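Listed below, chain by chain, are the residues.
Protein chains: 2
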Amino acid sequence: MKQLTAITISIGDELLSGKTLDSNNAFISKQLDLIGIPVIKKIIIGDVPQDIMDSLDWAFAQADVVTLTGGLGPTHDDITKSVLCDYFEVGLKLYPDLLENLKERFARRGFKFSESNASQAEYPENASILDNPLGTAQGMHIRHEGKHLFVMAGVPREMEIVTTGQIIPILSKLTQRSISKVDIHAIGVPESTLYELSKPVLDEYSDLKVAYLPKQGMVTIRVSFPSNSSEADQKLADEIYLNIRDLKPKNIYGRDDESLPILIGRLLKEKQASVTTAESCTGGLVASLITDISGSSDYFQTGFVTYANETKMSLLGVLEETLFEHGAVSEATVSEMLEGALNRSGADYAIAISGVAGPTGGTEEKPVGTVYVGVAGRGHQQIKRFQFGNNRILNKEMSAFSALNMLRLLLEEAQS
Amino acid sequence: MKQLTAITISIGDELLSGKTLDSNNAFISKQLDLIGIPVIKKIIIGDVPQDIMDSLDWAFAQADVVTLTGGLGPTHDDITKSVLCDYFEVGLKLYPDLLENLKERFARRGFKFSESNASQAEYPENASILDNPLGTAQGMHIRHEGKHLFVMAGVPREMEIVTTGQIIPILSKLTQRSISKVDIHAIGVPESTLYELSKPVLDEYSDLKVAYLPKQGMVTIRVSFPSNSSEADQKLADEIYLNIRDLKPKNIYGRDDESLPILIGRLLKEKQASVTTAESCTGGLVASLITDISGSSDYFQTGFVTYANETKMSLLGVLEETLFEHGAVSEATVSEMLEGALNRSGADYAIAISGVAGPTGGTEEKPVGTVYVGVAGRGHQQIKRFQFGNNRILNKEMSAFSALNMLRLLLEEAQS
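Residue numbers (my numbering), protein chains in the order written: chain A, 24 to 439; chain B, 24 to 439.
Certain hints may be false.
[As the list claims (entries may be wrong)] Once the Cα atoms are required to be at most 20 Å apart in a straight line, the calculated EDC-like pairs of lysine to aspartate or glutamate come out as: (1) Lys126(A) - Glu219(B); (2) Lys232(B) - Asp74(A); (3) Lys222(B) - Glu138(A); (4) Lys170(B) - Glu148(B).
Everything labelled a hint here was simulated from the structure, so no lab data went into it.
Model, not experiment: these values are computed from the prediction.
Chain A extracted, bound-state conformation (with noise of 0.2 Å):
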């Protein structure tokens, strides 16, 4: 079987001035690598007919296959199905079927069915039906010349289970040769210092491709080879993973769908423990960043959002002396939050944090930026003073994530 390659075009005003993230695009890529059909370029384009033609020609010209996604929804800057009839040269054909599904569709969740509405249930004649299960707009396969276009609605979630449920089994049919990858994930390290301590370690293997990605203050490596056997996959991958790891076990805290919170939920659990949060600048970031992960009311219960002096004090126990004379940026209040939290929560184990998040209220000893994050089990506390930037999201994140981190390593720690 050959190589195939994939290109992806999108649709939409809204993604070409930027209000929109095209995060359509990226789920497809994903999908599509896994099966070892990588994209080899993406477009966006506005709902202009003539671009969207001009793009097929291009995208056939190129690749074998094509996705095409957005302008499939009910208001009117939707004009995929037209172009494709244009495109194709056929004529659109009514599925009575799915006419009656829309209708009862409609009625059920209490919303009036409308004209415009109706169009969703008239395809191109070329095309075959991707079931949607989630929305009216179904998608579409069409063969061209040995090559295969499949267009879809624009709603993230309706794009994913098609391109799930139908999409790739077609696909997975047509391919063999794939590619196997790691995602190696850094914090508080540096690109170019992770660059630097693993290229040595990465240019012992022949035939990887390695991508630094920077994210929220961290960074991911990932590592690409061609696919073996799935047992040889697995074993090359985590013989990657634990040398790299091992350069700088601190900072590089999992691999793949591994997060912080993910990891942190993990261990907790393996020692049937809980958490608390003790937030000032990060506002409940925390919190929300371990209730991200379903599961987690096994092993936290409690959290503090603190964000006032007078709230650090009745809350937690804060003392009004340690407040007056360090601050509630300070190590010294960072560890009274600690402790406040194990004791009024009964948590095992503590998160706490207080900074400048910024873009104000910053001063000569203590700028925009500075934050001190803390964690503790029962009878033992570390406090760390971080320097981060200016920019009042990111600082939230930064801290939030860097917690966790800390509390990833005292768990580690405790266990072994």
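Following the hints, position chain B against chain A.
Just chain B, lined up with the frame of chain A:
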């Protein structure tokens, strides 16, 4: 002056593989849009020299302004500069000042200066340097046959500062015609209903362009029109906004940069009042959204994350009988959470939320996505039951934003 158009090119295997979202091009598009230079196409390509050259040919053939991002960092997937030298048939030029700055910068942050970083002081001979105050990779401006190429690093905050600080001032001098727009934000009303309602209003105007942009369970209607005088634009935008808002004043909550956290902050400041939060299934997200806003300490002092029943009792004084009789996900529990949060924080207003975020934990009576959202002032409560979907993160977001919208309505009501 003629209407200029732009094409954006992003380089990076990580963008093609879907690992990273292309937020850079979205930012660039917004900025260019504001000065009346629409982006007509966007393309994303891999780290392949031939593809970069082909894209430059393709883009110069269609647009006046071309931007190229990615591929300037210190890691080895960075090939852009050498491709530019090949494309324009020029050599690299070393900037000694930049080399000095680079070395100083590394020393100051305590990192080792490595050889792979030295190349960041070299740029193609035909490029003008665009100062990047936040990083080591400078931007470039290359004039080519009457067209403009701008090249930037892929790190978002560096790309942003080079775009707004350098590129936009250069291009502003070349353009005059511009587009004005108003974004109208709605929550709790489906896109198709919003379309049906707003169409007759918007059809009264000529020359409008309308897009419906769904996000996190909310929809933004973006209305654009050719710019006239700034006063006339303002008047038209105001008029359109008010006409649309009056269709559904409870659901249409704001315009342009007005997010719900910003709006409730503004209303609370006006009343010199404060708000507290008591969160179960949202797990701190409401508090985190409120504290995303600089200056929120003026009106937010305390948040309770009461994930467990025990904590609802101990921190908020919810009665055991209430939890036993009605369950944690109930109007009765949320009512006591509101009362407890007000009493124990001393705040003037409260938000309380309890629901089944999912994907597990649903029952016949209260399926996944069932959420009770309450808001209260002194002596007044309002609690609503919502039925969201099966996605945990989306359920958290929709619950949080629905709560903020209910608080907005309560604050506006109290005002009039």
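Results of checking the hints against the structure:
Simply put, Lys126(A) and Glu219(B) have alpha-carbon atoms about 16 Å apart, close enough for the 20 Å limit, and the pair holds. Simply put, Lys232(B) and Asp74(A) have alpha-carbon atoms about 18 Å apart, close enough for the 20 Å limit, and the pair holds. Pair hint Lys222(B) plus Glu138(A) holds up; C-alpha atoms about 13 Å apart against a cutoff of 20 Å. For the proposed pair Lys170(B) and Glu148(B), the alpha carbon gap of about 17 Å is at most 20 Å, so the pair holds.
Checked against the numbered hints given earlier, this structure breaks none of them.
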